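J.: Just so you know, the protein sequences line up as chains A and B, in that order. Residue numbers for the first sequence follow this note's numbering, so the first one is 1 and each next one is one higher. Residue numbers for the second sequence follow this note's numbering, so the first one is 1 and each next one is one higher.
Please keep in mind that the hints were generated in silico from the structure rather than gathered at the bench. Just so you know, not all the hints are guaranteed correct.
Repeated chains share a single entry, so a pair holds when one copy, or any two copies, can fit it.
[Claimed, not checked] Quick list of in silico lysine-lysine cross-link-like pairs, DSSO-like style, CA-CA up to 30 Å:
{"#": "1", "residue 1": "54", "residue 2": "388"}
{"#": "2", "residue 1": "388", "residue 2": "348"}
{"#": "3", "residue 1": "54", "residue 2": "278"}
{"#": "4", "residue 1": "265", "residue 2": "348"}
{"#": "5", "residue 1": "348", "residue 2": "278"}
{"#": "6", "residue 1": "278", "residue 2": "265"}
{"#": "7", "residue 1": "54", "residue 2": "265"}
{"#": "8", "residue 1": "265", "residue 2": "388"}
Here the structure is a predicted model, which is why all the values come from computation and not from measurement.
Number of protein chains: 2
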Amino acid sequence: MNQKQFLRPIVDAAALSAPLADYNTADAVEYLNALPLPQATNTLAALSLPRAVKLLEAPELQHAGALIAALPPARAAALLGLMADDRATDIVHELDDAERARLIPLLAPEARRSIQLLLSYPPNTAGALMTTEFVAVPADWTVAQTMQHIREVERSRETVYAIYVLDPHSRQLLQVVTMRRLITGEPEDAILAVAQVNPPVTVNPLLDQEEVAQLIRRHDLLAIPVVDAQQHMLGIVTVDDILDALIDESTEDVHKFGGVEALDKPYMQIGFLEMLRKRAGWLSVLFLGEMLTASAMQHYEDELARAVVLTLFIPLIMSSGGNSGSQATSLLIRSLALRELRLRDWWKVALRELPTGVVLGAILGLLAIVRITIWQLAGLHDYGEHWKLLAVTIGAALVGIVTFGSLSGSMLPFVLKRLGFDPASASAPFVATLVDVTGLVIYFSIAAMILGGTLL
Amino acid sequence: MNQKQFLRPIVDAAALSAPLADYNTADAVEYLNALPLPQATNTLAALSLPRAVKLLEAPELQHAGALIAALPPARAAALLGLMADDRATDIVHELDDAERARLIPLLAPEARRSIQLLLSYPPNTAGALMTTEFVAVPADWTVAQTMQHIREVERSRETVYAIYVLDPHSRQLLQVVTMRRLITGEPEDAILAVAQVNPPVTVNPLLDQEEVAQLIRRHDLLAIPVVDAQQHMLGIVTVDDILDALIDESTEDVHKFGGVEALDKPYMQIGFLEMLRKRAGWLSVLFLGEMLTASAMQHYEDELARAVVLTLFIPLIMSSGGNSGSQATSLLIRSLALRELRLRDWWKVALRELPTGVVLGAILGLLAIVRITIWQLAGLHDYGEHWKLLAVTIGAALVGIVTFGSLSGSMLPFVLKRLGFDPASASAPFVATLVDVTGLVIYFSIAAMILGGTLL
Numbered sequence: 001m002n003q004k005q006f007l008r009p010i011v012d013a014a015a016l017s018a019p020l021a022d023y024n025t026a027d028a029v030e031y032l033n034a035l036p037l038p039q040a041t042n043t044l045a046a047l048s049l050p051r052a053v054k055l056l057e058a059p060e061l062q063h064a065g066a067l068i069a070a071l072p073p074a075r076a077a078a079l080l081g082l083m084a085d086d087r088a089t090d091i092v093h094e095l096d097d098a099e100r101a102r103l104i105p106l107l108a109p110e111a112r113r114s115i116q117l118l119l120s121y122p123p124n125t126a127g128a129l130m131t132t133e134f135v136a137v138p139a140d141w142t143v144a145q146t147m148q149h150i151r152e153v154e155r156s157r158e159t160v161y162a163i164y165v166l167d168p169h170s171r172q173l174l175q176v177v178t179m180r181r182l183i184t185g186e187p188e189d190a191i192l193a194v195a196q197v198n199p200p201v202t203v204n205p206l207l208d209q210e211e212v213a214q215l216i217r218r219h220d221l222l223a224i225p226v227v228d229a230q231q232h233m234l235g236i237v238t239v240d241d242i243l244d245a246l247i248d249e250s251t252e253d254v255h256k257f258g259g260v261e262a263l264d265k266p267y268m269q270i271g272f273l274e275m276l277r278k279r280a281g282w283l284s285v286l287f288l289g290e291m292l293t294a295s296a297m298q299h300y301e302d303e304l305a306r307a308v309v310l311t312l313f314i315p316l317i318m319s320s321g322g323n324s325g326s327q328a329t330s331l332l333i334r335s336l337a338l339r340e341l342r343l344r345d346w347w348k349v350a351l352r353e354l355p356t357g358v359v360l361g362a363i364l365g366l367l368a369i370v371r372i373t374i375w376q377l378a379g380l381h382d383y384g385e386h387w388k389l390l391a392v393t394i395g396a397a398l399v400g401i402v403t404f405g406s407l408s409g410s411m412l413p414f415v416l417k418r419l420g421f422d423p424a425s426a427s428a429p430f431v432a433t434l435v436d437v438t439g440l441v442i443y444f445s446i447a448a449m450i451l452g453g454t455l456l
Numbered sequence: 001m002n003q004k005q006f007l008r009p010i011v012d013a014a015a016l017s018a019p020l021a022d023y024n025t026a027d028a029v030e031y032l033n034a035l036p037l038p039q040a041t042n043t044l045a046a047l048s049l050p051r052a053v054k055l056l057e058a059p060e061l062q063h064a065g066a067l068i069a070a071l072p073p074a075r076a077a078a079l080l081g082l083m084a085d086d087r088a089t090d091i092v093h094e095l096d097d098a099e100r101a102r103l104i105p106l107l108a109p110e111a112r113r114s115i116q117l118l119l120s121y122p123p124n125t126a127g128a129l130m131t132t133e134f135v136a137v138p139a140d141w142t143v144a145q146t147m148q149h150i151r152e153v154e155r156s157r158e159t160v161y162a163i164y165v166l167d168p169h170s171r172q173l174l175q176v177v178t179m180r181r182l183i184t185g186e187p188e189d190a191i192l193a194v195a196q197v198n199p200p201v202t203v204n205p206l207l208d209q210e211e212v213a214q215l216i217r218r219h220d221l222l223a224i225p226v227v228d229a230q231q232h233m234l235g236i237v238t239v240d241d242i243l244d245a246l247i248d249e250s251t252e253d254v255h256k257f258g259g260v261e262a263l264d265k266p267y268m269q270i271g272f273l274e275m276l277r278k279r280a281g282w283l284s285v286l287f288l289g290e291m292l293t294a295s296a297m298q299h300y301e302d303e304l305a306r307a308v309v310l311t312l313f314i315p316l317i318m319s320s321g322g323n324s325g326s327q328a329t330s331l332l333i334r335s336l337a338l339r340e341l342r343l344r345d346w347w348k349v350a351l352r353e354l355p356t357g358v359v360l361g362a363i364l365g366l367l368a369i370v371r372i373t374i375w376q377l378a379g380l381h382d383y384g385e386h387w388k389l390l391a392v393t394i395g396a397a398l399v400g401i402v403t404f405g406s407l408s409g410s411m412l413p414f415v416l417k418r419l420g421f422d423p424a425s426a427s428a429p430f431v432a433t434l435v436d437v438t439g440l441v442i443y444f445s446i447a448a449m450i451l452g453g454t455l456l
């Protein structure tokens, strides 16, 4: 910002909104995001209502709740009333109770009712994601009547490309007409004449957003109707809401797989303490689990004292178990999320992971044997007189541990799903911890078998 | 399948297509997927052309390439010509050279040209994802002319909801008109009168699909035009293609983060050898890297022999470094993918991870000190006369290692991006390997400092 701009009084509405005049919505949002909150609020207050609504509706706008809360309540309520109700609900979600109590009574009755309905659904469900602003017409209308209706309500509807045909009496959903089919119809045709032949694909408001996304994708829809048990329409979930939801969900999945509680804000916007809380929890739980490795090691302390050479390979062996486990887990998490595999398919997976693990373990075991042999023969390190037996021990332990890692890594998502958790909660660190303790036991048991009487 | 169905001759077309008659496309695709290839081919051959096209266009259909290759060439070419050209191109991608050479000459010239154009773009780019079947009209047309044109071409266009207005002479893209705006226009209005005010958002054919998705999302589009350097339209990428691409990409990201080469087929469809290849490569590379831990341990073998008690905590300490690293990596991978952070922001992240790592390390260090103290005082294990110094060593090592893990885990995605790799290639096992070797060095250095003269 140059000095001249800096000297402008910040209450000058024209000056404040001037830089935004040439921007499209996405760029204007970026500009607002870069301003400190008080200035961003003043800028938003200086814009025309329709422009401000456009910016507030952009999911990329940060601190939308704080902006609404900082605006004069009458203006804030006007903006919320003009916005798409699903986005308005998202913003109301960000407000604290006092702010909600102040704003909601100021809303127009219709906007208030739909926002209160949407607020009542749990997050990440079709109900929470839907908008109530769709186009519905009675089944006794013609194409021309429908077209005229759409022209009149177009501005207040999130999409007009899917038109829902309701029973004129019971108001139950009968059919869906796409705009494509509508415009090819003759004006005097009955609306049902251009409707799709198949019964409409609908969802229950409590369905998880990931399943909604799968349905939208499978049936190539632009929107999916959300209905109650009596087939009355509650709203629609549009493809762009699903796009946003999927991007958020895949962020969440990567975070979970990395062993962090999902962050709902960009990295740089999370406060220091919040960031600690999101990470310390899991890290401590894993640490407590991993403490069992210390107990396992204590159990083998005598063996360790007699054969220090065994300790040299502990990190190598443990990490191989963890790595093969995290590979298997990542494969199965996605297969379960994409519904390629069902819970009952667990044994098919186990039957595949068993030989896969054995072969992978054999490959790593061979590498280890070659490594030890080369170091020993080239004089790089002396593993003692029983180095051949040691090499065989390491090789055999790797086969056992990688097999165990692959098997348990692939079964963990099934177990979590069976227990009612999200299979994506099976994080790489979680699998590694699970495999580490058992890995040590496998290692020392094999060492006792092969080296008993010589080194041990 | 019951016996009666089994006894039907498999060449009976009516019998083959009969079970599909009542299914919608998605269910029919599931039915076909469950059949062995020869039967699926016969079923597909028995369907009407439009029905077969619908099934082949479903991205969920498996082995579409094998099905097309197994059909009589004339029918295969007819089906490819009738399909959306982007999907037809995907299927041609699955064919081997001989099959392509046999089929492509049989295609109608227009279909052949557009498939050959699409085949020429690298995978995962706007060019590879786009369709050439869009609606474009010259800028001197009226709303009524445009509407009439859409009614005529509707069936052969992937979307008619975005209409591209071209300069009548140069054929450069001037504006975009949405169907929403078109139907609100008066028939005699010029098409430009209902066009959007802002210049159209366009992409280059070589842009990565993830960036295309971000633009579609940011600007809330149903399709985005792909243009060459002279603003001539090459095609459009629609939101449903992006939805498919995003789901594939998030699968790929989870696989990569788990340390597997991305699978392009469902888990159960990957052959045993292919599965081994996808996993053995990374696993072996990580194993070779992890071998450095054995070298590091060898270097400290004397210390280990003198103080076996130190080895008890090696797995615990190493895994804590890996876990904190994989947390940090998962956070930064997503922030970079979502463009929340740029390459130049690396130092801001480093400045945050440093104190975060110190505090997280202190929490774990404290847990470890408490654990050792309890075990020692309760007589569960004897850590020797210097157990207090040992506890301090473990605590201090955890602070050092968790800080190092957080810092290097967060910097790795930046380094990969700087080197031109996908930041999502920073897998949890990769980070763990990176942190393990350094972790050991940190541990033994701190041990030497604190325990030098007593235990060491």
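J.: None of the hints should be skipped; say for each whether it holds.
T.: So, going through the hints one by one against the coordinates:
Within a single copy, residue 54 and residue 388 get their C-alpha atoms no closer than 73 Å, and across copies no closer than 63 Å, so neither meets the 30 Å cut-off. For the identical chains of this complex, residue 388 and residue 348 are neighbours neither inside a copy (37 Å) nor across copies (51 Å), given an alpha-carbon limit of 30 Å. With identical chains, the CA atoms of residue 54 and residue 278 are never at most 30 Å apart, being 33 Å at best within one copy and 46 Å at best between copies. With identical chains, the CA atoms of residue 265 and residue 348 are at most 30 Å apart between copies only, with a shortest distance of 17 Å across copies and 39 Å within one.
Proximity of residue 348 and residue 278 under a CA criterion of 30 Å is satisfied inter-copy only: 19 Å between copies versus 36 Å inside one chain copy. In the homo-oligomer, the alpha carbons of residue 278 and residue 265 lie at most 30 Å apart inside one protomer (12 Å), although the nearest pairing across protomers, at 34 Å, exceeds that limit. Taking the shortest alpha-carbon separations for residue 54 and residue 265, only the intra-copy value of 21 Å comes in at or below 30 Å, while the best inter-copy value is 41 Å. Proximity of residue 265 to residue 388 under the C-alpha cut-off of 30 Å is found in neither arrangement, the shortest distances being 55 Å within a copy and 42 Å between copies.
When the structure is compared with the earlier hints, violations turn up for hints 1, 2, 3, 8 and for no others.
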